[in-house]
Every structure is written in C-alpha cells, then in structure tokens.
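> Listed below, chain by chain, are the residues.
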Amino acid sequence: MKKIHVRFYINEELNELDVQPNRTMLSVIRDELHLTGTKVGCGAGECGACTVIVDGKPVNACLVLAPEMDGMHITTIEGIADHDGNLSPLQKAFIDHAALQCGFCTPGFIMSATALLNENPTPTRDEIKHAIAGNLCRCTGYIRIIEAIEDVANQNKGGAN
Amino acid sequence: MEELKYVGKTFERSDAVKKVTGALEFVDDMHFQRMLYAQCVRSPYAHAKIISVDMSEALKLPGVRAAICGDEYPNRAGLYLEDRYFMAKPGDTAKYMGEAVAAVAAETPEIAEAACKLIKVEYEELPAVTNALEGMKPGAPIIHPDLAKYKIASIFLPEAGTNISHHYVLRKGNFEEACKQADKVFEHSFYVPHVQHVPLEPHACMARYDADGKLTVWSCCQSPYAVRQALSVAFGMALNKIRVVSPAVGGGFGSKAGTTLEGIVIPLAKHCQGRPVKLVYTREDEFVNAYVRQGMHATIKTAVQKDGKILGVQNRFVWDGGAYTEYGVNITKAGGWASAGPYDIDNVWTDSYCVYTNHPVGGPYRGFGMCEIHFAIEQNIDMVAKAIGISEVEIRRINGIRPGGHTGMNEQVDIAGYQECLEEVIKDIEYDKPCEPSGSPTKIRAKGIAGGWKAPSMPTNAGSSAIIRMNEDGTFILMSSGQEMGQGVSTVLPQIAAEVLSVPPEKITFCCGDTDYTPYEWQTVASRTTYCAGNAVKLAAEDLKNKVLDLAEIKMGAVKRDLEFKDGYVVHKIYPDRKYPISEFALGIAFPDGSGYGGPAIGVGTYTLENNINTDKKTGLAIYHPAAYWTMGANAAEVEVDTETGNIRVLKMSSCFDAGKVVNPALYCAQAEGAMVQALGTAIFEELKLKNGRVLNKSFMDYKIPTADDIPEFSIKYVEHAEPNGPYGARGVGEPLMVPGAPAIANAVYNAIGVRFTRMPITPDDVLRALREKKE
Chain A
394 MKKIHVRFYI
404 NEELNELDVQ
414 PNRTMLSVIR
424 DELHLTGTKV
434 GCGAGECGAC
444 TVIVDGKPVN
454 ACLVLAPEMD
464 GMHITTIEGI
474 ADHDGNLSPL
484 QKAFIDHAAL
494 QCGFCTPGFI
504 MSATALLNEN
514 PTPTRDEIKH
524 AIAGNLCRCT
534 GYIRIIEAIE
544 DVANQNKGGA
554 N
Chain B
129 MEELKYVGKT
139 FERSDAVKKV
149 TGALEFVDDM
159 HFQRMLYAQC
169 VRSPYAHAKI
179 ISVDMSEALK
189 LPGVRAAICG
199 DEYPNRAGLY
209 LEDRYFMAKP
219 GDTAKYMGEA
229 VAAVAAETPE
239 IAEAACKLIK
249 VEYEELPAVT
259 NALEGMKPGA
269 PIIHPDLAKY
279 KIASIFLPEA
289 GTNISHHYVL
299 RKGNFEEACK
309 QADKVFEHSF
319 YVPHVQHVPL
329 EPHACMARYD
339 ADGKLTVWSC
349 CQSPYAVRQA
359 LSVAFGMALN
369 KIRVVSPAVG
379 GGFGSKAGTT
389 LEGIVIPLAK
399 HCQGRPVKLV
409 YTREDEFVNA
419 YVRQGMHATI
429 KTAVQKDGKI
439 LGVQNRFVWD
449 GGAYTEYGVN
459 ITKAGGWASA
469 GPYDIDNVWT
479 DSYCVYTNHP
489 VGGPYRGFGM
499 CEIHFAIEQN
509 IDMVAKAIGI
519 SEVEIRRING
529 IRPGGHTGMN
539 EQVDIAGYQE
549 CLEEVIKDIE
559 YDKPCEPSGS
569 PTKIRAKGIA
579 GGWKAPSMPT
589 NAGSSAIIRM
599 NEDGTFILMS
609 SGQEMGQGVS
619 TVLPQIAAEV
629 LSVPPEKITF
639 CCGDTDYTPY
649 EWQTVASRTT
659 YCAGNAVKLA
669 AEDLKNKVLD
679 LAEIKMGAVK
689 RDLEFKDGYV
699 VHKIYPDRKY
709 PISEFALGIA
719 FPDGSGYGGP
729 AIGVGTYTLE
739 NNINTDKKTG
749 LAIYHPAAYW
759 TMGANAAEVE
769 VDTETGNIRV
779 LKMSSCFDAG
789 KVVNPALYCA
799 QAEGAMVQAL
809 GTAIFEELKL
819 KNGRVLNKSF
829 MDYKIPTADD
839 IPEFSIKYVE
849 HAEPNGPYGA
859 RGVGEPLMVP
869 GAPAIANAVY
879 NAIGVRFTRM
889 PITPDDVLRA
899 LREKKE
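Line by line, the protein sequences are chains A and B.
The numbering used here applies: residue 394 is where the first sequence begins, and numbers increase by one.
The numbering used here applies: residue 129 is where the second sequence begins, and numbers increase by one.
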C-alpha cells in the first residue's frame, strides 16, 4: 500500500511522516510517535479514551485516518503540562479532587475538558456533563471529574472579576 | 490511643501525576524492539469437538513467526478448580463461542490477522447448554466429562457425570420446622443476567522467553503471583523461571484477577525465543473473551411471623458458570456463605449450584456473588414486609444483624454496624418524607432502601508480605504485591507505613507488581488488600522500626521502651532533646573509631489470616470463623420513573457502611461513588445478551454503561467500628459498597409504580410492558 506524506504539528512540534493510508491518527500517535498517553479503549469512537484536541476541538483519534492529519495542529495529553512538567490548572484540579482512579480514561477526560475550558472558560455543570458525555469511566462515578472541571471554571470566574 | 497522624486523613494519590499526564505506562503502551504481535483463531461454535487444526498455510505467510494450537498445553490450570487448558485442544472440545483454538505471532498486527484466516480448523458441532437450569438436569449435554478427574480445592463438591462443578450446602437449624411455626411462608424467584466488568483498559499481555529459559510476562493483572502459579502449573515450569510483571491495571473489578490471555501468548513466545510477543484484546474480545459476571437464578422461601420476625429462609441459587468455573465454584460458595443477607436468622437452608454452560467464562466481578444474591434478598425482604403489612424499614430493624449476631453459617459477628448504617441512610434521604414533586404527572418519584454485606471469600490461609527499606536520607521504599488498579492501594499502604514510622506518606515510595522483586501476595481481590496487605505492611514497618530502635539503644545509651519514632527522628520520650534523625540509622550505626554495626535498615512483614477455619463440609456451618471479617452497610435511592417513556432516572443515592477505619476519606468516597454508579448500571442498563451461546452486544454502542449524564446526587457516610485484627481497625470496602445499590434502585422503582421487577436490568421496555400489564 502506497504511503502518504503528511505534515502536522503535534504538541507544537512539527512532524513529517509517510503514513499508511489505512492507519488511524491514533495508531500514528501511539505506534509511530510513541505518545502513549492517548489510549485505545474501543477503537470505535465510543469511549473517548483516545481524545485529542485538533484545531481546538476534541476529537476521537481512532476515527481519523492518518492521511487526514496533514496540516492539523494536534494536542495530546503529553502537551498539556508545560515542558518543565508544570501541570495545567485542570490537571492539578483532577489531583486535588481525587478525580481519577485507574488512570486509563483520565487523559481522554482531561483532553475533552481542556477543549471545553479553552472555548468556554466558565461552563455550567450541564455544559460540563455534556462535554464529557462521550468519555467513559468505570471507576470514579464521574462526580469528582465534574467537580474538578467546575473548580477550574470557578477559578476562571475569579480571574475575570 | 494516641491520635493518628496519617491514617484517617486524605492524602493526594501517589500515582496521580503520572495518571493526569498520561505518563503511566500500561502494557499496551510498552513497545519493545523486535516485538511480535499475536492474534487468535476463535471457535465459531458454542460447543464443538475440534477434529483438526491445520496451520501450514498460515506458517507460509511472510512475516508469520509462529503458529500454535491446543497441542502446546500439557496441563490444565485454574485457581480453585483446574478445569481449563488455555486453548482448546484438538480431540477435545471448544466450550464457548469465542474460545481460542489457535494463535499466531507475526511481525505486524495485520499479518497476524491475515494468518489467522489461513488456519483451517475442522469442527464437529455438539449440542450446547445455554441455560444453567437446563444444564443441571439429567440428560443435558455434558460439557466436562472428565470433571471427576480434575484437581479441585478440597472444600468444593463437584457432582461427577453432571454439569455441576460445585454444590454448596448450608443447613442451619430446620427450615421445615420454621415453616410450621411461621404465620406466613413466601416464595419469590429472581434472575440476574450476565454482565461485563468493562474496565476501560482492555486486557493486554506481552511475554518474552529468553535463552536462559527465563520467561517474563508483562500483564495487566490484578494478581501477579496467582498468574505465575497458574502458568507454572499449565506449562510445568519452575516458579523461579517465570517473572510476572503487572506495570499498571486500567480497571480490574475482578476481570483481571485470574489468568486469561497470558496463557495464549506464552507458547508463541517460546517458539520465538528472545522476541517479545504481545496480545491486546479488542473491545469486542473484552466483552466475550474476558471473564463475565455469571448469570444467576435465585429462589427464596421465607418463613415469617406476622410481627415481621423471620424464622427461616431457604435459598436456591443456580449460577451460570460458563465454560470454565475455576472461580465460579468459589463465587457459588461465597453466595452460600452470605445467603441469609445481613439478617440474623435461626434457620437457613441454602443450596447453591455452580453449573457449566456453553457461555463465556464466568469469573469474579466486584462483589463476588454478593451483588447478584442481594438483588434477590433485598427485594425479597421488601416483598415480605409489604405482604405482612409492615414497613421495609421495620422488617430490617427487626431482623437486621446486630453485634453478637450470627450469619447463615452460624458464625458470630461481634462487630456489626448494619443497624447504624440503615438508620443513617434513612435519615440522609429523608425516607419518611415524600419526594420533591417532579413537576409532571407522568414522572413519578419514590425512594427505596437496601442493605448488604460481604466477607472476603479466600483460602483460609491466604498470605501477604511486605518489605520496607530505609534510604540513606530517611526516605523509604515499600514493596508489596498488593496491586494498584485504581482503588488506591499505592496511597493507602504507604499511609499505614507512615503511621508506624511517623514520617509523611510522600517520603515512602510504593512499588508493586513484579514477582521477581515485590514480595508474595495471594491476590488483589476480595476487598482484602487494605486488611491483609495492610497488616503485612504494618508489620514490616514495625520490624524496621524495631531494628532501628535496637541500634538506637546503643547509639543513644537508652532502653528501647523510652525511645520512639517521632516526625522523622528517634526521640527519647523522657528527654525529648535527645534525638537523632532516623536517617542516622539507615545504614546501621557508626562508632567514633570508624567501625560500624547493624547494617542497612530493612523491615519484613508477613501475614496470614488468623484462625480462619473451613466450615463443616456436610452442613456448611462455621466451626470457628470461616471469614476474616464482614463488611456491611446500606444504600438508599431516590428514582424518577417516566411512565410515558419507561425511563428511570436515579436522582439520589445515599451510602453508609461500617468501614472499620477509613484510611483515606477522599479515596473511600471515590470508591463509594464508583461502586454506586456500577450498581446503577447493572440495575437499569447492563446485560450481556446471549442467544444460543452468542454474545449479541459486544460494543459500547450495544452495551451501555453509565456516563456522566446518568449519575445521581451522592451522599456518602460511614461509621467506624474498628476491626480488631485490621491495620488501625481497617477492613475492606471496595466491593461491599456496590452490593446494595441495584436492589435499592429496584425497591424505589416498586415504590414509584407498584411493579416488582425480579430481573435486572429494568429497561424502559420492561417498565412500559409492566405498566401496560398492570392496567389490564
């Protein structure tokens, strides 16, 4: 199968690769770039464990074909903390609220919520629930995840005053 | 008792940063040089004889490095019952649809998949057992004709020549006499279908066989030592030649408690020496080929006085164990143990059967039978109360266990906070007050309650161990094989060590999950880890402390009884100015002349359950304590039933359990929330739909689990009646917290619309059908 040349930014770094056209963005991210924080939970766009941010929007990486990555600006969980390892306010809030257990779904939730907060820094509880409704978690019962995101929304409200 | 400093307080999870940054490496994230990818060929029949397996074409495909079939497996293995090869053998039978019959290892996943299609398997289809009640009848097709020859733990009673791999019997008192004395006798039947654990991380395993005969297995398993043991039996290998590493577990809930895909990968690795072979389940595999929660048919007869006093119960539980019941036999036993529910009843007769069927393999699921039996027990108790005209609260107050009461096995339970928990949830949800109006005449709200209990069902001599080492700077490395799978063991166990050593938990690094380096732990299951591994950790920390104090006696010229660990120092209790940082003792002590003594500080703790004795084999009655402890509590639920759509919304859930001692309150609450949402899922959404042995709903599209949109408001309380042998009074909670959730919801649904659902899940279709029938 003829490979296709793609050029994209991932976590602000430029990458140029020849990709197999039948592979997914998820496979490129994990198997070629070895950014394994983006997880494979179902491969069918139903669990949200592979959520990344593409041009500001949360996207299931398992549903995007590799050739489509050309020209994209992609952020993965590895691009959320800064280069010195300083966590984002949302990552800190997840820790403060004990909003994670096994940690397998956690990157996906953080990506969905980061995209939400970038677009709407002060979402309501309903908007938060809506934004993470495509992310499945089997451990937490969700409430602490919602509260962690709300915590950041409240910090953002404070900052606006 | 001195106030506790680190136990009983919320500390940040020790694994949190790695998890929020995606840095934690799960098995599927591990990428080794020269790695090969495995794939399986699976039986398309629920029950079929394997006539032949021809792998020749697959082996010719470029990039294929090995192909295997069941011939590779010399021995059967299994935890309590050695009833399975890890792959169905030619000449023998495939016992469920999806059972592995061959596998390949290849350079890419695509080649592996293509090679599987080239393997020719000839089958002879056999009649299948797809219902446990049918399967236990005489004349049913026999799934394991050699059952009588299988190796089985002595407490289990298989019935040779049938599909019954264990018939558990409990005979306390005389139920027939109780019926004679009772004012009323009721009989109710219930059914709980198969469900899936649905950990977000699908099962994954990688194995490498090195030139020196060492086998290393990386697996997302809950119990590395149990896996090592099963592999050793199955392949006839010495334990020191097998290293099992569990780097991370992305949700277990029991599905990763045993040995599953590890057994498939190993022969492939053996044929590709030096090359790691990796197998990762797809989500579809996960629904079919990982353990499922067994289905269960229950019938409960209740003999009751008109004042609400229950004189006796007779239970018949029939478990749909699936193709292999290495675990199922013990779930059947656990269900029998707890079969009276959290009630003190004089006459309890229980027969609990584990039945082989040609269904996916039943295994442990959070609660280990308790969620299933309590769905029946806790609805039955409401039904009995209503039939004799007393309240569901009152019947629980009358019969509910109290300190000094007795279980169905006649085991005395001295610590029993059940009644307090019941009162707490009733108060919390304002059970006596009507619900807030829904604002719509077709949306009806009501509340329900349920209780529950569980004891860890494990071998009476299950062992735990821990090692703690002090570093030169007074920090510590704590090693245990209590496995972190999200429940928080890597935070809680260091808290226990911190309490002993009087240092903050962040000074203690926790390591688990490597049979070559972290010490023995029977299994991370049964809500036993805080208690069992916690005891080993406490003993290890005490051992280290004791050794350091031996040295401090010399260095400080004081006697041990006057010395203590305090905030990172060894301090003289009477002359507190006389103190040394603990780090001064990390490598032993040094004398002025330069000589040294004592050696590096290391503590070892080993723990075996104390005086747990098997029950009487004939009657099932306790001889002494068969269980380490009983964890009990209650849930209340408020629901809203939409009589137009049939939808059920769970508005609120209250939980209260007797936790002994909560080691980390935030993590306790997180466990309770997750447990209640899992219970909610089983109550109204989840069922693994099986037709003629085929799983019909093997995707998230077709098998819905709760999302953030489905969760109720939570209220979580606990009482703390210390467990005498638990570390700082703690006992296990992770599973019990789920047990009363589903029946509390079902009872609330009854209270809303007056319809009793004796089968879960309660779907919108069920609600609408029942309302229609009620009208007619």
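If you are wondering where the hints come from, they were derived from the structure by calculation, not from laboratory data.
Among the hints, a few may not be true.
[Said to hold, decoys possible] Across the chosen pairs, the derived CB separations fall in these ranges: (1) B:Gly567 with A:Asn511: 54 to 60 Å; (2) A:Lys396 with B:Pro273: 34 to 40 Å; (3) A:Asn513 with B:Thr570: 30 to 36 Å; (4) B:Arg900 with A:Leu458: 46 to 52 Å; (5) B:Arg900 with A:Asn513: 41 to 47 Å; (6) A:Asn511 with B:Asn203: 53 to 59 Å; (7) A:Leu458 with B:Lys248: 45 to 51 Å; (8) A:Asp477 with B:Cys639: 48 to 54 Å; (9) B:Ile730 with A:Pro414: 39 to 45 Å; (10) B:Thr773 with A:Asn511: 33 to 39 Å; (11) A:Asn513 with B:Glu235: 57 to 63 Å.
Keep in mind the model is a prediction, meaning the values are calculated, not measured.
Here a beta-carbon is modelled for each residue, glycine too, at the ideal position from N, C-alpha and C.
> Could you run down the list of hints and mark each one as holding or not?
Tested hints:
1. B:Gly567 with A:Asn511: 54 to 60 Å: violated, 36 Å
2. A:Lys396 with B:Pro273: 34 to 40 Å: About 54 Å separates the Cβ atoms of lysine 396 (chain A) and proline 273 (chain B), which means 34 to 40 Å is violated.
3. A:Asn513 with B:Thr570: 30 to 36 Å: Distance hint for asparagine 513 (chain A), threonine 570 (chain B) holds at roughly 34 Å.
4. B:Arg900 with A:Leu458: 46 to 52 Å: holds, 47 Å
5. B:Arg900 with A:Asn513: 41 to 47 Å: For arginine 900 (chain B) and asparagine 513 (chain A) the Cβ distance comes to about 44 Å; the hint holds.
6. A:Asn511 with B:Asn203: 53 to 59 Å: At roughly 57 Å between Cβ atoms, asparagine 203 (chain B) and asparagine 511 (chain A) fall inside 53 to 59 Å, so the hint holds.
7. A:Leu458 with B:Lys248: 45 to 51 Å: At roughly 33 Å between Cβ atoms, lysine 248 (chain B) and leucine 458 (chain A) fall outside 45 to 51 Å, so the hint is violated.
8. A:Asp477 with B:Cys639: 48 to 54 Å: violated, 26 Å
9. B:Ile730 with A:Pro414: 39 to 45 Å: Violated, since isoleucine 730 (chain B) and proline 414 (chain A) (Cβ atoms, about 57 Å apart) do not stay within the stated range.
10. B:Thr773 with A:Asn511: 33 to 39 Å: holds, 36 Å
11. A:Asn513 with B:Glu235: 57 to 63 Å: violated, 46 Å
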